[in-house]
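Spelled out, the chains give:
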Amino acid sequence: MSVKLSANVWIGALLVMFAILTFLPFYYVMLASVSDSNLIREGELMLWPKGFNLKAYGLIFDNAQFLHSFAVTVTRTVLGLAVNLLLQLTIAYALSRTYLPGRKMFMIYIIITMMFNGGIVPTFLIVKGTGLIDTIWALVIPSAISTWNVILLRTFFENVPSSLEESAKMDGANDIAIFIKIFLPLSLPAIMTIGLFVAVHHWNAFMDAVIYTNSADLKVLQLFLRDMVIKMEMAALMGDMSAMSEVSSLSIRTASIFLASLPILAVYPFIQRFFVKGMMVGAVKG
Amino acid sequence: MESTTNLQSAAGQRVRRKSLAAAWSAAGKHKYLYALLLPGIVWYFIFRYLPMYGVIIAFKDYNFSKGIWGSPWVGLKHFEFLFRNQDFFLIVRNTLLINLYELIFAFPVPVILALLLNEMKNVLFKRSIQTVIYFPHFLSWVVFGGIVIQLLSPNEGLVNNVLRYFGMEPVFFMSKSEYFRPIVVISSILKESGWGAIIYLAALSSIDPEQYEAATIDGANRWHKLAYITLPGISNTVVIMMILKVGYLLDVGFEQIYILYNPSVYDVGDVLSTYIYRIGLQSAQFSVTAAIGLFQSVIGFFLIWSTNRLAKKFSEVSLW
Numbered sequence: 002m003s004v005k006l007s008a009n010v011w012i013g014a015l016l017v018m019f020a021i022l023t024f025l026p027f028y029y030v031m032l033a034s035v036s037d038s039n040l041i042r043e044g045e046l047m048l049w050p051k052g053f054n055l056k057a058y059g060l061i062f063d064n065a066q067f068l069h070s071f072a073v074t075v076t077r078t079v080l081g082l083a084v085n086l087l088l089q090l091t092i093a094y095a096l097s098r099t100y101l102p103g104r105k106m107f108m109i110y111i112i113i114t115m116m117f118n119g120g121i122v123p124t125f126l127i128v129k130g131t132g133l134i135d136t137i138w139a140l141v142i143p144s145a146i147s148t149w150n151v152i153l154l155r156t157f158f159e160n161v162p163s164s165l166e167e168s169a170k171m172d173g174a175n176d177i178a179i180f181i182k183i184f185l186p187l188s189l190p191a192i193m194t195i196g197l198f199v200a201v202h203h204w205n206a207f208m209d210a211v212i213y214t215n216s217a218d219l220k221v222l223q224l225f226l227r228d229m230v231i232k233m234e235m236a237a238l239m240g241d242m243s244a245m246s247e248v249s250s251l252s253i254r255t256a257s258i259f260l261a262s263l264p265i266l267a268v269y270p271f272i273q274r275f276f277v278k279g280m281m282v283g284a285v286k287g
Numbered sequence: 007m008e009s010t011t012n013l014q015s016a017a018g019q020r021v022r023r024k025s026l027a028a029a030w031s032a033a034g035k036h037k038y039l040y041a042l043l044l045p046g047i048v049w050y051f052i053f054r055y056l057p058m059y060g061v062i063i064a065f066k067d068y069n070f071s072k073g074i075w076g077s078p079w080v081g082l083k084h085f086e087f088l089f090r091n092q093d094f095f096l097i098v099r100n101t102l103l104i105n106l107y108e109l110i111f112a113f114p115v116p117v118i119l120a121l122l123l124n125e126m127k128n129v130l131f132k133r134s135i136q137t138v139i140y141f142p143h144f145l146s147w148v149v150f151g152g153i154v155i156q157l158l159s160p161n162e163g164l165v166n167n168v169l170r171y172f173g174m175e176p177v178f179f180m181s182k183s184e185y186f187r188p189i190v191v192i193s194s195i196l197k198e199s200g201w202g203a204i205i206y207l208a209a210l211s212s213i214d215p216e217q218y219e220a221a222t223i224d225g226a227n228r229w230h231k232l233a234y235i236t237l238p239g240i241s242n243t244v245v246i247m248m249i250l251k252v253g254y255l256l257d258v259g260f261e262q263i264y265i266l267y268n269p270s271v272y273d274v275g276d277v278l279s280t281y282i283y284r285i286g287l288q289s290a291q292f293s294v295t296a297a298i299g300l301f302q303s304v305i306g307f308f309l310i311w312s313t314n315r316l317a318k319k320f321s322e323v324s325l326w
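These protein sequence lines map, in sequence, to chains A and B. Taking my numbering, I'd label the letters of the first sequence as residues 2 to 287. Taking my numbering, I'd label the letters of the second sequence as residues 7 to 326.
Among these hints, one or two may not hold up.
What the hints assert, rightly or not - Listed next, the in silico DSS-like pairs over lysine-lysine satisfying Cα-Cα at most 27 Å (straight line):
# : chain 1 : residue 1 : chain 2 : residue 2
1 : B       : 83        : B       : 72
2 : B       : 35        : A       : 170
3 : B       : 35        : A       : 105
It should be emphasised that the hints constitute simulated quantities derived from the structure, not laboratory data.
So here's chain A without its partners, still in its complex pose (with noise of 0.2 Å):
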């Protein structure tokens, strides 16, 4: 009993540590972006705020460029979210109908997708030939299916009784009233789990905007970010005085990477609940 009991204790004290290490990380940069950044310099900056103010985040919320790049990444995330859904959702109903012909060979054409790609200059020049270029829905149609989220999808479809359609269909249902009225209520679960992922993607994507986007107007909050963060550290790695003395302080550098996960922290615990069962599913019968 007393040697169970204490494999349990290592067990239990590993995976301790291993989460430690995971938020750790993450702990440091909200305890620097309530800190004094000139105590933190001085290397006095442990476990705990050191001279707690909230001054870098009435410094970003002054910055107009922080503001308008939030309410890009806002817009892109919703029409994302919109569109993904609208053609994702669609294409996995009428794939998930076993009896409609061709079934079979419109699933081969989307898996094909998975193992072969053209890469990203083809792709890049594709869109380009689209007139996407520079326009929020560069950001949006591009990524506007993910195989793997239909194959989800169709599987959730898939495993909704069949004689539920029978009977609407007796009753003269068509096959698109069927699938609002039947098939996307009994699916919401599914739909919720796939919606966030898709709204998560959106938040965190970039190298779409990197690639596809140029004007400042479109400056989405990730490329903010890099700017601010990423750029300013490595100028000042290259020893570069000239960005040097433009390096903003380390604590509204870490306010803004909390500002930009903030969004993510809030719907973390709506999401926790769906995505593991989803994932299992995807996981079993994909």
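Please build the complex by placing chain B on the supplied structure of chain A, with the hints as guidance.
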């Protein structure tokens, strides 16, 4: 003889016409479903299949005004240029090394985490740990990379504060070549391992609990159960994840490297995808970079195919 073949072909035509008519009426019967299918199919065609066709610019001298089709063919010129280019080998080497280190050091971590979590019977404890270790997955690489860079900063970072506390000199981690790969691998482990454990936890949850009960009755201890029930229970999943990982050996997370690297560590940190971005889009050498991209996907496909064959041979597990 001729007349019978004529007859046969006429019959064939009639059958074909009939099946075509049947197909049309089936399509009509399901017209709403096809209407739901259509937007997605069109999207795949434009944003996934047209770029595949665009890969032919690797065999052309692409020119904006002439377009993909109008640009002149140059055969293997761009591939010859690559294979004679010292930079190209450096970048392939960096890509392979970073992935190899990830395979050795990062790949086992989610498996171990899942096994440890599986041993914990206290649900509340298990959930709290899971909540914490999944969290970094939901942060962007800008945010997580920013945190890593701040932590390692020579003047203000936690790591250097600790070093100073022990009387050591601060280290410029981000600009030293020898630290770049360890930083990439460790930051991947911290950001994605917890999330990666989900798939193994799913595999573990599908093991029949009766097996454990039977083993307990037979007098098996914890190690016996681990070795004879738990590990065999997830070995298929581990093999499949391994195949996928090997298939992406030439594909390193673009965003992570893009955020963490800087010119002073290009010699060890520049990988295929970041090179494609810098040379292809920033310097507009479209054809050469399309050639790199094609090289990358051909090798990647070959790797998946061959590891899959090996897996099939040794463990009867495979992707197809």
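Evaluation of the provided hints:
{"no.": "1", "hint": "83(B) with 72(B)", "in the structure": "holds, 19 Å"}
{"no.": "2", "hint": "35(B) with 170(A)", "in the structure": "holds, 12 Å"}
{"no.": "3", "hint": "35(B) with 105(A)", "in the structure": "holds, 18 Å"}
Comparing the model with each numbered hint stated earlier shows that all of them hold.
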